[in-house]
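Dock chain F against chain B, hints included.
Number of protein chains: 2
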Amino acid sequence: MSQKNPNISVDCVVFGFDFENLNVLLIEQRQDDNINQKTRFALPGDLVNADEDLDSAAYRVLKELTSIEKIYLKQFHAFGDPKRLSKKEDKFWLQKLRTQPDARVITVSYFSLIKMSDVSPKASSFAGNTHWVNINQIPRLAFDHNKIFNKALETLRDDLEYKQIGFELLPKKFTLSQLQKLHEVVLGSKLDKRNFRKKMKKNDNVVPLNEKQKGVLHKPAQLFKFEPKEESEIE
Amino acid sequence: MSQKNPNISVDCVVFGFDFENLNVLLIEQRQDDNINQKTRFALPGDLVNADEDLDSAAYRVLKELTSIEKIYLKQFHAFGDPKRLSKKEDKFWLQKLRTQPDARVITVSYFSLIKMSDVSPKASSFAGNTHWVNINQIPRLAFDHNKIFNKALETLRDDLEYKQIGFELLPKKFTLSQLQKLHEVVLGSKLDKRNFRKKMKKNDNVVPLNEKQKGVLHKPAQLFKFEPKEESEIE
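Respectively, the protein sequence lines represent chains B and F.
Its first residue numbered 908, the first sequence is counted upward by one per residue in our numbering.
Its first residue numbered 908, the second sequence is counted upward by one per residue in our numbering.
It should be emphasised that the hints constitute simulated quantities derived from the structure, not laboratory data.
Predicted model only: the values in this text are computed from it and were never measured.
Hints are all accurate, no fakes.
It does not matter which identical chain is meant; a pair holds if it fits inside one copy or across any two.
List of simulated lysine-lysine pairs, DSSO-like, C-alpha gap at most 27 Å:
hint, residue 1, residue 2
1, K977, K990
2, K1126, K1108
3, K1136, K1109
4, K1109, K1080
5, K1106, K1132
6, K1058, K1070
7, K1054, K994
8, K1022, K1106
9, K1079, K1126
10, K1132, K977
11, K1079, K1136
12, K1058, K945
Next up, chain B with everything else stripped away, as it sits in the complex (with noise of 0.2 Å):
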């Protein structure tokens, strides 16, 4: 087993996208014993090994965890409160299972939206289990998590609406209904249609394509492509 750094760890927050709902990946913290009967949850997450770089780190304990591998993971936040693990439950947990358990550790946290559909979770290590928790129904997590999943949603809101993330939840061709739903979901609350689409009519990146849904036999809709334009395009 590599050497861990004692104060450095990261933190994934991995949202799943399935058409009617935001989840978050949750996983279940093992219990080996039966003396903390209580079901624990937390954002998948470990200390980072003494040479390896953030980005790595991330992706293998996400790997080591869920199983999970090959999806984007963005950096977007380090989380620092000297506080942050000293809950009396979090105490009982990293005693259990670090070598040195009152370190202090700043933790970098990562984020991802992705289609549920592409990928199968599976616990390993000291994860139990894992679980697709809807974003509105997040239990009390470990640690700091809470806080991290609530930047993280902060994370994802802003960058859905200024750096038009998102559309390759979407198929290539894609219904301005289907966009705003996708917008609903992640914004958590129903948009007005009208003042939807004025705005969609502004983004240059929103293109209207000379052709309709297929297979809708009633009133169908006018197809969109998204093409990033380049800075000195639009300015």
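Just chain F, lined up with the frame of chain B:
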């Protein structure tokens, strides 16, 4: 002196705007001996104290090295290449300064965009001097600080484009020429006037006023204000 965590540091990239250029604040590493004659430039940064949170550390370190305080610092990225401090001249400097000079250090980086006229940097601690350096003339920096600077600049440009930052550097009522100048200075390139205006007219947050420039004899320009809309208002 507080005990420091040997594995975690903060670095600050302070961008200063002077209406003509964009500069970044660098420190000269202090030289108390004559062995190493070459001036070495770096971003202001240092180890985090044992029980200090990351934001507090960033504000403290910036103040200790440059005397700058009360500016907004935003965390943007953590850098953790295991070899980031291993150049020969970096090791030499760390051996003079740190109790564990060979420890691996992950640095959490912050950036800020301010009006240069709002601050008066003054070097202290291990900073021998401070310099505002034009972003197009950045010298070779210590450690991986060129990489950190480049990522900060990229983030700043993204935020200008997508998150509507920078308006606080302009007068409350501004002309589109002033806004274009700000964009050109930050983006580092000339923009086409017509396209820029077209784009800003699509921007719901840039609101035209029923008012023109004063004290201008020939063709006073229209004034605008910045009024960020709530998500719900635009969607």
